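**Q** Sequence:
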Amino acid sequence: MKVTLKDIADDTGYSVSTVSRVLSGSEKISINTKEEVLECARKLNYLPPKARNSQVSKNVLNIALIASGFHAGEFYVAFYNGLNKAATDDNMHLFLLGIQEPKKQLPDIVKEIALSQFDGAILFVPEFVREDYEQLKEALPGQFPVISNALIEDPVFTTITFDGYSGGYLAARHFDKRDYHNVGIIKGPLERSESRYRVNGYRDYISQHDKMNLTWTFQGDFTYESGARAFQAFDRLDDKPRAIFASNDDMCDGFMETAKGKSYNFPEDIATIGYDDLTVCKHNHPTISSIKTDFKELGTATMKLLREKLANPNMKTGMLSFVPVSVVERESS
Numbered sequence: 194m195k196v197t198l199k200d201i202a203d204d205t206g207y208s209v210s211t212v213s214r215v216l217s218g219s220e221k222i223s224i225n226t227k228e229e230v231l232e233c234a235r236k237l238n239y240l241p242p243k244a245r246n247s248q249v250s251k252n253v254l255n256i257a258l259i260a261s262g263f264h265a266g267e268f269y270v271a272f273y274n275g276l277n278k279a280a281t282d283d284n285m286h287l288f289l290l291g292i293q294e295p296k297k298q299l300p301d302i303v304k305e306i307a308l309s310q311f312d313g314a315i316l317f318v319p320e321f322v323r324e325d326y327e328q329l330k331e332a333l334p335g336q337f338p339v340i341s342n343a344l345i346e347d348p349v350f351t352t353i354t355f356d357g358y359s360g361g362y363l364a365a366r367h368f369d370k371r372d373y374h375n376v377g378i379i380k381g382p383l384e385r386s387e388s389r390y391r392v393n394g395y396r397d398y399i400s401q402h403d404k405m406n407l408t409w410t411f412q413g414d415f416t417y418e419s420g421a422r423a424f425q426a427f428d429r430l431d432d433k434p435r436a437i438f439a440s441n442d443d444m445c446d447g448f449m450e451t452a453k454g455k456s457y458n459f460p461e462d463i464a465t466i467g468y469d470d471l472t473v474c475k476h477n478h479p480t481i482s483s484i485k486t487d488f489k490e491l492g493t494a495t496m497k498l499l500r501e502k503l504a505n506p507n508m509k510t511g512m513l514s515f516v517p518v519s520v521v522e523r524e525s526s
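Here my numbering is used: the first residue of the sequence shown is 194, the next is one more, and so on.
Incorrect hints may appear among the rest.
As the list claims (entries may be wrong) - Just the calculated beta-carbon pair ranges, DEER-fashion: (1) K453 / F263: 26 to 32 Å; (2) L289 / E324: 21 to 27 Å; (3) N375 / Q412: 39 to 45 Å; (4) K296 / D428: 35 to 41 Å; (5) N406 / N284: 34 to 40 Å; (6) L383 / K195: 44 to 50 Å; (7) A426 / H402: 24 to 30 Å; (8) T281 / D432: 50 to 56 Å; (9) V270 / N375: 33 to 39 Å; (10) T510 / D397: 28 to 34 Å; (11) T510 / L237: 16 to 22 Å; (12) N393 / K370: 16 to 22 Å; (13) L289 / N225: 26 to 32 Å.
What the hints contain is simulated information worked out from the structure, not anything from laboratory work.
This structure is a prediction, so every number in the text was calculated from the model and none was measured.
From the three backbone atoms N, C-alpha and C, an ideal C-beta is built for every residue, glycine too.
All chains should be built: construct the whole structure from the sequences, respecting the hints.
**A** Structural data, given as structure tokens:
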């Protein structure tokens, strides 16, 4: 049976008008009242009328994109721009909300979003593990649609993201085709699943091909600065690898710019390939080979899944799907 504002009012003891003001996002409500009403709405699995509309697939939708870890750099611009283009094409309004402390802030934020004027949410919180997602799910009304774009091996919410394993595999194959057989890798933070997938794909290709040898690894953190530190470590080596896969473009850029300051040439002295194919890859000199991740394609697949979940609220959750990646060959390799 459909839960109404009166059901929440009866359960909490507040008037229907007070409940309505809380759920419409009014600021003129005490924190205690707001928390009681939102908790009751979650407990009763209340959904706003718009989200219950069986014809929602024909309507303009309001979607919250909730992302953590924002910092200056091209990645987040490319990520949001791709998803926003896909949302616009699919008759959706995408609202970006950046959060700095997701473990502390996200459950309350998503609960309020689910009970306001939003029809669904997209999450990009790469630092979350399964326990964090489980706690988040507990805070949500049962049928509010959520899609995650951050890789996790055992997802709680339906997740769609890039095929990082294939990205690493393709990077190693690219080097093999170029006859670069002694190779290295600059890894991203290994607490993040997407970093591990890229490393595993790279290593698996190398282990399956006798000519290939992984002779050097460096632990980076996805920043330009860690790419620069990787070059400094590389420069001290007596036996240097012929080619380096940097697990994202920022680290590749940092490695190459620092190397150029020491008069290294690409690919004559060292070949490189990055990951994400950001704008810097085309504007750098020399241009940077990279694994292309198409954010518009990711957005299109994400919006399609959201509409499917709205049309079928009982659709199975926890599925993991991958968007293909490809190699873009440029001057650095």
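**Q** When the structure is checked against the list of hints, which entries are broken? Sort them ascending.
**A** 3 and 5
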